[in-house]
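Just need the whole structure built from these sequences, with the hints factored in.
Chains X and R, in that order, are what the protein sequence lines are.
The working numbering puts the first residue of the first sequence at 1070, with every later residue one more than the last.
The working numbering puts the first residue of the second sequence at 68, with every later residue one more than the last.
Worth flagging that the hints you see were computed from the coordinates, not collected in a lab.
Any given hint could be a false lead.
[Stated by the list, open to error] Calculated Cβ distances over 12 Å to all of chain X for the following chain R residues:
#, residue
1, E80
2, T99
3, G116
4, I139
[Claimed, not checked] Each computed DSSO-like pair below joins lysine-lysine, with the alpha-carbon atoms no more than 27 Å apart:
#, chain 1, residue 1, chain 2, residue 2
5, R, K87, X, K1178
6, R, K108, R, K78
7, R, K87, X, K1210
Ideal placement from N, C-alpha and C gives every residue a C-beta, glycine not left out.
What follows is the residue order along each chain.
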Amino acid sequence: MTRVGVVTFPGSLDDQDAARAIRLAGAEAISLWHGDHDLQGVDAVLLPGGFSYGDYLRCGAIARFAPVMTEVIAEAAKGMPVLGICNGFQILCESHLLPGALIRNDHRKFGCLDQRLRIENNTTAWTNSYDQGAEVTIVLKNGEGSFVADEDTLDRLEAEGRVVARYLGNPNGSLRDIAGVTNERGNVVGLMPHPEHAVEDLCGPGTDGLGFFTSVLQATIGA
Amino acid sequence: MARVVVDVMPKPEILDPQGKAVQGALPRLGFTGVTDVRQGKRFELEIDGDLTDERLAEVHKMAETLLSNPVIEDYVVSVADSAETGGSQG
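Shown next as structure tokens:
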């Protein structure tokens, strides 16, 4: 069975929901601790949402130097699938595993809504279950979710198909409506919305988010 | 002991919603004529021993690695009365 590690940092909020989504997708969720230099032999890693280290300094800036990140960065470079959701996306940007940065929403308010997205790249380790161009509804909840990068970087991301998901109706000022990006290899994905909150009909806006977790099963079986 | 100050500011082209919020609050308090506000961070580092070039170079490294995010921020390192510029702050 595919084993997906979920890292808990001080201040992580969505680690349990992420683990649940991984189990619903048919994989085994393994709890990883920020302070351990140990990935416990997992096949993929998920950095969950929350407010690691209280968002002190900058979101993700301190978590990026947590002991476990040494191993996450090393394995990501070798091709291990890594997904960062919300605060996890911020950590991946601070780690330079992904380009750009996330700054405060342009409307200066915390946003919490069911957000429409378009899957722009369905070839990554975390989006291969979706149809190219699929439109999905996934919860978005953040105060600092506005994706920024310089124009050259944005042009490169577009040209290389590295925009993974785009907002339909820009909720926070993200440049070019970018909701998620990937690295050159397509194994590292950062996503501001929370697919782990859209995996069951009982709570949340539906099950559109499940595809991110079933995708990694395909990616790790193929590896 | 020496005190080194690192000032970190959002790059000019990066939207600064916090600065905008402060700018919006000023007229409500009767303060007029402020055309822009940018909000940054100031770090005061107490450095043990003499402030050698090596130590100062290390402060620059700290500023680039942790204190600022070069994607969205510039920094300036200052020592006592003299100032050393880092990043691309204009």
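So, going through the hints one by one against the coordinates:
no. : hint             : verdict
1   : E80              : violated (8 Å)
2   : T99              : holds (22 Å)
3   : G116             : holds (25 Å)
4   : I139             : violated (5 Å)
5   : R:K87 to X:K1178 : holds (13 Å)
6   : R:K108 to R:K78  : holds (12 Å)
7   : R:K87 to X:K1210 : holds (22 Å)
Against the hints set out earlier in the document, violations occur for numbers 1 and 4.
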